[in-house]
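Residue numbers (the numbering used here), protein chains in the order written: chain A, 1 to 111; chain B, 1001 to 1113.
Just to be clear, a hint being listed does not mean it is correct.
[Claimed, not checked] In silico SDA-like links for lysine to any residue, alpha-carbon gap of 25 Å or less:
no.: 1; chain 1: A; residue 1: 49; chain 2: B; residue 2: 1099
no.: 2; chain 1: A; residue 1: 61; chain 2: B; residue 2: 1100
no.: 3; chain 1: A; residue 1: 68; chain 2: A; residue 2: 95
no.: 4; chain 1: B; residue 1: 1009; chain 2: A; residue 2: 39
no.: 5; chain 1: A; residue 1: 49; chain 2: B; residue 2: 1041
no.: 6; chain 1: A; residue 1: 110; chain 2: B; residue 2: 1030
no.: 7; chain 1: A; residue 1: 49; chain 2: B; residue 2: 1026
no.: 8; chain 1: A; residue 1: 61; chain 2: B; residue 2: 1030
no.: 9; chain 1: A; residue 1: 61; chain 2: B; residue 2: 1106
no.: 10; chain 1: A; residue 1: 61; chain 2: B; residue 2: 1002
no.: 11; chain 1: A; residue 1: 49; chain 2: B; residue 2: 1002
no.: 12; chain 1: A; residue 1: 49; chain 2: B; residue 2: 1027
no.: 13; chain 1: A; residue 1: 49; chain 2: B; residue 2: 1100
no.: 14; chain 1: A; residue 1: 49; chain 2: B; residue 2: 1028
no.: 15; chain 1: A; residue 1: 49; chain 2: B; residue 2: 1106
no.: 16; chain 1: A; residue 1: 49; chain 2: B; residue 2: 1009
no.: 17; chain 1: B; residue 1: 1009; chain 2: A; residue 2: 40
no.: 18; chain 1: A; residue 1: 61; chain 2: B; residue 2: 1069
no.: 19; chain 1: A; residue 1: 49; chain 2: B; residue 2: 1058
no.: 20; chain 1: B; residue 1: 1009; chain 2: A; residue 2: 43
no.: 21; chain 1: A; residue 1: 68; chain 2: B; residue 2: 1039
no.: 22; chain 1: B; residue 1: 1009; chain 2: A; residue 2: 106
no.: 23; chain 1: B; residue 1: 1009; chain 2: A; residue 2: 88
no.: 24; chain 1: A; residue 1: 110; chain 2: B; residue 2: 1003
no.: 25; chain 1: A; residue 1: 49; chain 2: B; residue 2: 1044
no.: 26; chain 1: A; residue 1: 49; chain 2: B; residue 2: 1030
no.: 27; chain 1: B; residue 1: 1009; chain 2: A; residue 2: 103
no.: 28; chain 1: A; residue 1: 68; chain 2: B; residue 2: 1042
no.: 29; chain 1: A; residue 1: 68; chain 2: B; residue 2: 1100
no.: 30; chain 1: A; residue 1: 61; chain 2: B; residue 2: 1099
no.: 31; chain 1: A; residue 1: 49; chain 2: B; residue 2: 1011
no.: 32; chain 1: A; residue 1: 49; chain 2: B; residue 2: 1005
no.: 33; chain 1: B; residue 1: 1009; chain 2: A; residue 2: 110
no.: 34; chain 1: A; residue 1: 68; chain 2: B; residue 2: 1106
no.: 35; chain 1: B; residue 1: 1009; chain 2: A; residue 2: 45
no.: 36; chain 1: B; residue 1: 1009; chain 2: A; residue 2: 86
no.: 37; chain 1: B; residue 1: 1009; chain 2: A; residue 2: 42
no.: 38; chain 1: A; residue 1: 49; chain 2: B; residue 2: 1003
If you are wondering where the hints come from, they were derived from the structure by calculation, not from laboratory data.
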Amino acid sequence: AQSVTQPDIHITVSEGASLELRCNYSYGATPYLFWYVQSPGQGLQLLLKYFSGDTLVQGIKGFEAEFKRSQSSFNLRKPSVHWSDAAEYFCAVIAGNMLTFGGGTRLMVKP
Amino acid sequence: NAGVTQTPKFQVLKTGQSMTLQCAQDMNHEYMSWYRQDPGMGLRLIHYSVGAGITDQGEVPNGYNVSRSTTEDFPLRLLSAAPSQTSVYFCASSYSRGSHGYTFGSGTRLTVV
Chain A
1 AQSVTQPDIH ITVSEGASLE LRCNYSYGAT PYLFWYVQSP GQGLQLLLKY
51 FSGDTLVQGI KGFEAEFKRS QSSFNLRKPS VHWSDAAEYF CAVIAGNMLT
101 FGGGTRLMVK P
Chain B
1001 NAGVTQTPKF QVLKTGQSMT LQCAQDMNHE YMSWYRQDPG MGLRLIHYSV
1051 GAGITDQGEV PNGYNVSRST TEDFPLRLLS AAPSQTSVYF CASSYSRGSH
1101 GYTFGSGTRL TVV
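Just need the whole structure built from these sequences, with the hints factored in.
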């Protein structure tokens, strides 16, 4: 069965600093991979997705993610974090007909 | 174009009561899913549907029923509510297998006392 692991439950960064959120997946075939963001009390918004091709994908709000098959990873990055980026971030994989989520990483931004 | 609409937004139930969470989408999406979100556990798939008349179980289906009589609607039924079903429930829909990403509703916060 497929699974998604986000090793970091909480991360705190200073405003303007760079950010990397980790995601590891377990799936036998080439996965469809996603990053979603959830602001407090809100639903989930799609940041970016990877299906095939270029392993570095660009998303909304200045985020990017890199697919590394050898490491089974799909880490999310942003070069300079803004206070409005404080939220919970979820990595997800589609395997078969099911979208499976990791446990999430809560990002806090220090002024 | 309303996207994915969930009702109600909040609900309090007594143990043993039944209720239906409503989910409707107006994007003609084939795929629809129900998730529950609990602290530290991400979102866990309850049931999903790949089209009208077709449903299947996800990771945590026990205590929940679904049906898909139309493309637009995918209600989730709690048969006999238990405190362990206290959670935030999200409905999501997607065109095809989700290659364009899923669209999520704003959620239903359910408390079972």
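**Request:** Starting from the hint list further up, note which numbers the structure goes against and sort them upward.
**Result:** Structure breaks hints 6, 8, 16, 18, 21, 24, 31, 33, 34.
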